[in-house]
Amino acid sequence: MSAVPRPEGWAHAERAARESYGRLVAWLAYRWRDLAAAEDAMADALLAALEHWPVRGVPERPDAWLLTVARRQLLQRARHDRMAHAPDVLALLDEPDAAAAEAAEIPDDRLALFFVCAHPDIPAPVHAPLMLQTVLGLDAATIASAFLVAPSAMAQRLVRAKSGIRERALRFEVPERREWGARLPAVLEGIYGAYSIGAQAAGADVQVAAELPGEALALARILAHLAPDEPEVQGLLALILYCEGRRPARFDAHGRFVALESQAVGAWDRGLIDEAEQRLRAAARAGRQGRFQWEAAIQSAHCQRMYGGSTPWPVVASLYGRLVEVHGTVGAAIGHAVATAEAGAPEVAIRMLDALPPDAVKSHQPYWAARAHLERRLGRDAAARDAAMRAMGLTRDARVRAFLQSTFGVTGAA
Amino acid sequence: MHYMLCFRQTLEDFARGDDPAQAQAYWGAWTAYVGAIQATGKVVSGNGLQPPGSAVIVRERDGRRQVQDGPYPDTHEHLGGYFILDLASVDEALEWAARAPCVTSGSVEVRPCLPPPPSRA
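Residue numbers (the numbering used here), protein chains in the order written: chain A, 933 to 1346; chain B, 230 to 350.
In isolation and in its complexed conformation, chain B is listed as follows (with noise of 0.2 angstroms):
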């Protein structure tokens, strides 16, 4: 089973990694937990993104399109990665969800992907 997992983070939180004196625990933290989860080769796929203020974010409504500068303005936790991994049990996911160096200030969701639509050959 697919289950993702989406590493929500605060504002400060992204800017620690920005910060001088904290931004080698910040990646330090990061890396490891990238690379012990990418050791075990269950990763289908995954991304960091770039911090909150570089999002734009695009809206119809009544036929009307807004355009709009993050950061996302109707939450305190950010979307800044996620990771696709192939796992036995959500329990597995849960695991990995846990020693995401997120967990104390933000938070990590995770949701089994749908199974990919037919294909059209």
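One chain only, chain A, in its complex shape (with noise of 0.2 angstroms):
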């Protein structure tokens, strides 16, 4: 298969396709109440592009050509089976004219389906590889892998949500801006366990690495420019661009692992860290502030560095300090006490990450290496290499586990 060149104009024709992939499925599934059915009248049309496309070029109007082969799989279906649906719904479809002159003004339901997404009777693991499924089309396979799941396992997660969305009729609606509060966290929750997975994911698997965080990223760029009032939505956008910012600088041209403060500030992406910036203090205006502005704030402090500052570790400290009072995860719990080393209390530090729940931290990759930092800054060497040793036991990462090894002079014999 590989050995046939692709058409000049694929990549073109794709990109315009999965432009306009999600804003299709929002606007089909909400009229036509079936998800799973919608994602698959878009398959199909999606394949009908990548065949015509390339031949005879993007269309004036792609929207308006995909609808058009999307309609008509959901009506051939429906036609089959025509009881099963409300004559509303049918007749809706059913008028060819309409087709075409709806399609030239696609209203964007694309925030109806990310609520739908994470709606709270929708398993929350879920949340994440269904926006990534519905919003931008990644296949089950490719999500799979990424959140490392089976791959039959997790394209029966899905179908499971989806039809569960059908069979309780779940609303394709944006939520009364009161419900926001209850309905928002998740969304944000879904987008950011992705990126998370994807930039954690950087040295197991470079296919994952290369997709899922720019993936989330996307997502997070979609929602923003559906709710750009929405401070919280910014932020998460903001702490995404920070962190991708930074991402390239996390492994030199050896592929030897870096650790933050080491980090050479010319291999960051000073375009992707301005432009967070930007996010976060549009985000500040708003006075109300959450998590991901904590989060992205953070961020920020770290970034000074790029700015010809020194990173303010005081900062850091005190915005992790106000970070675990809205958000108390043991994560941040333990920026928390490297940031308060960092500052000048290793003592206190390596209270706080004692007084951590032990069942919560044992397999904990992130609480090992924070520990073998924190010992080796009081002195205790042997503490160190051991903790250095069970960081190394738990990353996924090879070059990681490299860099652990050589910095704390772990050897073989145990």
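What the hints contain is simulated information worked out from the structure, not anything from laboratory work.
Computed from a predicted model, the values in this text were never measured in an experiment.
By construction, the Cβ of each residue, glycine as well, lies at the ideal position given by its N, Cα and C atoms.
A couple of the hints might just be wrong.
Stretches of chain A that chain B covers, calculated by requiring three or more beta carbons in the stretch to come under 8 angstroms of a beta carbon on chain B [stated by the list, open to error]:
id	region
1	1151-1165
2	1330-1336
Negatives, chain A to chain B, calculated, CB over 10 angstroms [unchecked claim]:
id	residue
3	1240
4	1258
5	1325
Fit chain to chain and form the complex, with the hints in mind.
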């Protein structure tokens, strides 16, 4: 298969098709009230587009073209089992002229799609996979590798979630503004979860690394475009932009891991970090702080080195303190401890680590990496080596493993 | 549920364990990994195996016995060791599989174990 050259214009066609994908799935799902059917129809339309566009050129209105094909697919299916659908839904899709007319201005229903994917009735671990599939059109096998799940199991979870949406008739609607406080965090959590998983997998799987962080950034950008006045949405986008901006510097030219404080500022993507600064400042003007704005503010402080300063560790430590108040996860507590140590109080910092519940940190790699670092700052080399050993055993990244081994002098003998 | 993690390595991987220049990195990675798994308290059993060249392979076909020296000929990836872990889900087993030092050159196969046969008391 790989010997068959892709026709000229294939990449252009693919890009144009993917731009439209989420918007059209959202539109169709909203009207058809069946996410899985809308996706199937769009998949067929995309296939047709990738067949025709590279040869005949991308049509003037790609959306209209794709929508016409997708509607035809849905209609064929509907005629097949006409009884299953409400007459008003069928009527809506049955008017061929309306299709073309409407396609000129397809309303962007993707915000509704985000909210239905992260609905409280859908299990939380499926939120991000659903968004990646329905908004961006990622296939189940790619998603499965990224999330470290068997492909068959991932496909099953996605199908189950979509039939759950249909059976419970979950509305494809943007919730009332007053409900956002309860509903929005799940959407943001899902997108950030996808980003973290992708960035974490960066060493283990080059393919995943290339794809998932970029896809999560795309989701965050779409959401920020759809909800420009929501500070936490902008905060999430800023956070991802900061992390993406620094990601190229995590490994040097020889593929060796480089700790944040040793990263060459020149290797950071200044464009992304500048954009993150703007987003964060805009978010802060709303005067409604939240978890993602605190996280972004911490990253902003880390990036001060890019603007000629040094890392303001006391500021980082106090920002982590605020984060722990609003979002007291193990990860936030570890960050708080490390910043506290860097700000000059390693004894306080190690007590912060000691206070974490043992079951929560037993297999948590960042805890052991932080512990190794702090033990060494306290001059306790044997304890540092033991902790580094645990961190080595828990990492998925061979480069991080090699870094820990050489930094802490871990040998093969237990 | 009990899951078996089978660690498969290439012959080059096995050779790293004997190469003075690479042995420390190789055994350091495995010792750390095994230590981290054992710290969970979920290990039912497990063993590392001597290199595939130490294997002896026994077959019988059409009533004729064949005994052959290792390494097992029809594969690039050879069993280097295994763990049986008592875990809540296959997702947890995959998590441990992804951390194994051999995933970047070999592989880890994760399989649920059959329940033990009924005992004849």
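query: In ascending order, which of the hints set out earlier in this document are inconsistent with the structure?
result: Those not satisfied are hints 1, 5.
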